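Participant: Could you build all of it, start to finish, from the sequences and the hints given here?
Residue numbers (my numbering), protein chains in the order written: chain A, 94 to 199; chain B, 153 to 263.
Quick caveat, the hints were computed from the structure, so don't treat them as lab data. A couple of the hints might just be wrong.
To be verified - Listed next, the in silico EDC-like pairs over lysine to aspartate or glutamate satisfying Cα-Cα at most 16 Å (straight line):
(1) Lys135/A with Asp153/B
(2) Lys130/A with Asp142/A
(3) Lys209/B with Glu186/A
(4) Lys164/A with Glu98/A
(5) Lys161/A with Asp120/A
(6) Lys115/A with Glu149/A
(7) Lys198/A with Glu108/A
(8) Lys164/A with Glu186/A
(9) Lys130/A with Asp153/B
(10) Lys209/B with Glu95/A
(11) Lys130/A with Asp152/A
(12) Lys198/A with Asp177/A
Small disclaimer: the values here were computed from a predicted structure and weren't measured.
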Amino acid sequence: GENVEQHPSTLSVQEGDSAVIKCTYSDSASNYFPWYKQELGKGPQLIIDIRSNVGEKKDQRIAVTLNKTAKHFSLHITETQPEDSAVYFCAAEVRFGAGTRLTVKP
Amino acid sequence: DSGVTQTPKHLITATGQRVTLRCSPRSGDLSVYWYQQSLDQGLQFLIQYYNGEERAKGNILERFSAQQFPDLHSELNLSSLELGDSALYFCASSVGAGGQFFGPGTRLTVL
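Facilitator: Shown next as structure tokens:
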């Protein structure tokens, strides 16, 4: 079945710096790659997604890139703020990575 | 607020028991997904329903079953509960294939 690897598992950055989270997947039939943010005590929240016919997508400070040939995709957060601190999950269709705990230090 | 509701918020029960978790999707969403989130397993996809029919199956145990009713709400039934079934159970919904909106979850504790 589908396997999604996510790195790093924890990431600490200074406010204003950029954060990058990377994921790889195994099923070449996957066409939909969402990213979710989960804050403590809440359910995951969709923050951005990308489909296989697109290589990059941007929404304000958040961008995703997809390399379908290499089967990897990444989340980029620029100008990080303390409120960006949360656990971020990548997914390929309904298969989720293990999560990255992002801490943004003021 | 995602628009997805789940009840109950917390559930404490004993091993061997059976429980039912309930989910109401966002208005207009036809797909419902169930996930299990535990500390050591991350978010595990269990099952998806679309407009009342089972659409996809993930790592769902035989002791677990689900259904989606004509009004599109869904129930996840967990039976012969074991200590290892203690986890957060999330329901999510979407219009079709695509971005999912997650509910607040049900925290199940099996003692």
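Participant: Now, for every hint given, state plainly whether the structure supports it.
Facilitator: Now the hints, each set against the structure:
This hinted pair checks out: Lys135/A and Asp153/B have alpha carbons roughly 10 Å apart, not beyond 16 Å. Using a Cα cut-off of 16 Å, the hinted pair Lys130/A and Asp142/A holds, with the two alpha carbons roughly 12 Å apart. At most 16 Å may separate the alpha-carbon atoms for a hinted pair to count; Lys209/B and Glu186/A meet this at roughly 12 Å. Distance check on the hinted pair: Lys164/A and Glu98/A sit about 11 Å apart at the alpha-carbon level, within 16 Å; holds.
Pair hint Lys161/A plus Asp120/A holds up; C-alpha atoms about 10 Å apart against a cutoff of 16 Å. Distance hint between Lys115/A and Glu149/A is fulfilled; the C-alpha atoms sit about 14 Å from each other, no more than 16 Å. A threshold of 16 Å between alpha carbons decides the hint, and for Lys198/A with Glu108/A the separation of about 6 Å falls inside it, so the pair holds. Annotation: proposed proximity of Lys164/A to Glu186/A holds, straight-line Cα distance about 13 Å (limit 16 Å).
At most 16 Å may separate the alpha-carbon atoms for a hinted pair to count; Lys130/A and Asp153/B meet this at roughly 14 Å. Taken as a hint, the Lys209/B and Glu95/A pair is honoured in the structure, with Cα atoms around 12 Å apart against an allowance of 16 Å. For a cut-off of 16 Å, the pair hint linking Lys130/A to Asp152/A stands: about 15 Å separates their Cα positions. Between Lys198/A and Asp177/A the alpha-carbon distance is near 10 Å, which keeps this suggested pair within the 16 Å criterion.
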